[in-house]
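Novice: With the hints as a guide, bring the two chains together.
Chains as they are written, first to last, in this note's numbering: chain A, 1 to 113; chain B, 1001 to 1113.
Derived from the structure by calculation, the hints contain no laboratory data. Warning: the hint list may mix true and false statements.
[As the list claims (entries may be wrong)] Label-pair distances were calculated between CB atoms; the ranges are:
1. B:Gln1054 with A:Glu44: 39 to 47 Å
2. B:Asn1063 with A:Glu14: 47 to 55 Å
3. A:Thr20 with B:Ala1078: 41 to 49 Å
[Claimed, not checked] Some chain B residues judged to face chain A by a derived CB distance under 7 Å, without partners named:
4. Asn1032
5. Lys1042
6. Leu1044
7. Gln1100
8. Trp1103
[What the hints assert, rightly or not] Derived, one-sided and incomplete: chain B residues facing chain A with beta-carbon distance under 7 Å:
9. Ala1009
10. Ser1046
11. Leu1062
12. Ala1105
Even glycine gets a Cβ: it sits at the ideal position worked out from N, Cα and C.
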Amino acid sequence: DAGVIQSPRHEVTEMGQEVTLRCKPISGHDYLFWYRQTMMRGLELLIYFNNNVPIDDSGMPEDRFSAKMPNASFSTLKIQPSEPRDSAVYFCASSEQGSNEQFFGPGTRLTVL
Amino acid sequence: KQEVTQIPAALSVPEGENLVLNCSFTDSAIYNLQWFRQDPGKGLTSLLLIQSSQREQTSGRLNASLDKSSGRSTLYIAASQPGDSATYLCAVRPRDSNYQLIWGAGTKLIIKP
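This is chain B alone, in the form it adopts within the complex (with noise of 0.2 Å):
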C-alpha cells in the first residue's frame, strides 16, 4: 500500500533562506508525482507536476526533484519570501490508481520577515 510522508511537519525560517521541503513515498510504482500549495482557509493549488520519466520540474524560485528508485521528491524554495509562508503537500498517482492521489500530511512554512 502507498504511503507518503512528509518531513518535518513544520517549518520556520528567515526571509531570503534557501530551503528544502521532502516528501517520500514507499511504492516506486508511480505515474506522477504532484507539489501543492494551501493557504489558510483556501483551496489547494498546484504549484508542479513529474511525471514517473522525468527527474525535476522548476517554475520561478521553485525546483522540484523526483527519484523514483529511492521513493523520494523534494521542492526547492531558493530566496524564500513570507509571502511563501503556506501549507506545502506532496501527492504521487500510483501507477494502477485511476487518477487517485495518495497525499502526504503537508509541510507547514513559516518565512519570518
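Only chain A is shown next, with the shape it has when bound in the complex (with noise of 0.2 Å):
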C-alpha cells in the first residue's frame, strides 16, 4: 500500500478564496482523522471519522472549516472562506478498527495570504 495520500502537498492562496485539501487514506482503515499542526499550538486533531461518518468535530476552529467523507477512500477539508491565521502543515491519518495506531500522510502546507 502507497500509505496515506494528500494533497496538494503545498497550496498558496490569497485570503478569502476557498481551499479544498484531499486525503486518500490507507485501504482498508475505518478510521480517518485531521490534524492541523503549527508552531504555537502543536498538534491538534480538528475531526476524525469512522466508517465514513464524522464521529467527532469539536476540534474544528469555525464554520468556515467543514470536512466531509462521501466515500471509504477519499475525504475532503475544506476552508472558506480562508484566513491567514489558517497557514499551518494540514495532516490526514487513518487507523484499523481496534488497532489504536495511526498512519499519517505527509501533510499539505497551507499558506494564506
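Specialist: Right, dumping it as C-alpha cells:
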C-alpha cells in the first residue's frame, strides 16, 4: 500500500479564497483523522470519521472549516473563506478498527496570504 | 484534563551515544501511548505503541517504556546515528477518548556526526 496520500503537498492562496485539501486513507482502514500543526499550538485534532461518518468535530475551529468523507477512500477538508491564521500544515491520518495505531500522510502545507 | 509534556524541547548529542527522551502525562487513565518521529517537512511516522497493560516495547535500536502510575514514558535510542535526527513526539490516548490522541510538543533531536 502507498500509505496515506494527501494533495496538494503545498498550497498558497489569498485571503478569502476557498481551499480544499484532499486525503486518501490506507485501504481497509476504518478511521480517518484530520489534524492541523502549527508552531504555536502543535498538533490539533480537527475531526475524525469512522466508516465515513463524522464522529467528533469539536476540534474544528470555526464554521469556515468543513470536512466530508463521501466514501471509504476519499476525504476533503475545506476552508471557506480562508484567512492568514489558517496557515499551517494539515495532516490526514488513518487507522484500522481495533488497531489504535495511526498512520499519517505527508501533510499539506497551507499558506494564506 | 490530560496534558502531555516532553522535556527537553531540544537535544544535541554526538553520534554513537545512547540517549533517552522523556514524556510525562498527568492522568494515568490511558488506553495506550505512542511514540512518533517527524522529519522536517514530512508527516509523522509511528515508531512504537505501548498498550496500557504493557511495560515496554522494542523495535531495533529503540525501546519505549511506560510507567502509568508515575505518568511517564521514555524512548531509549541506542547507538545514535545522524539519521536519527528528527523531532520525536509522544501521544497518549485517554481511556475515555474515542481515539482522540493528546500530543506532546516534541523533542527535537540532533545527532552530530
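Novice: Hint by hint, note whether the structure agrees.
Specialist: Hint check:
1. The hinted range of 39 to 47 Å is not satisfied by glutamine 1054 of chain B and glutamate 44 of chain A, whose Cβ atoms lie roughly 27 Å apart.
2. Between asparagine 1063 of chain B and glutamate 14 of chain A the beta carbon distance is about 48 Å. The supplied range of 47 to 55 Å therefore holds.
3. A hinted range of 41 to 49 Å for the beta carbons of threonine 20 of chain A and alanine 1078 of chain B is consistent with their spacing of about 44 Å.
4. Taken as an interface hint, asparagine 1032 of chain B checks out: its beta carbon lies about 5 Å from the nearest beta carbon of chain A, inside 7 Å.
5. This hint holds: lysine 1042 of chain B has a C-beta 6 Å from the nearest C-beta of chain A, less than the 7 Å allowed.
6. With a least beta-carbon distance of about 4 Å to chain A, the hint placing leucine 1044 of chain B at the interface is held under the 7 Å criterion.
7. For glutamine 1100 of chain B, the suggested interface contact is upheld, since its CB lies about 6 Å from the closest CB of chain A, less than 7 Å.
8. Hint status for tryptophan 1103 of chain B relative to chain A: holds, with the closest Cβ pair at about 4 Å, below 7 Å.
9. Given the 7 Å rule on beta carbons, the hint for alanine 1009 of chain B is violated: about 11 Å separates it from the nearest Cβ of chain A.
10. The restraint placing serine 1046 of chain B at the interface with chain A holds, with a minimum CB-CB distance near 6 Å, inside the 7 Å limit.
11. With 7 Å as the threshold, the beta carbon of leucine 1062 of chain B stays out of range of chain A, its nearest partner Cβ sitting at about 15 Å, so the hint is violated.
12. Because the closest C-beta pair between alanine 1105 of chain B and chain A is about 5 Å apart, less than 7 Å, the hint holds.
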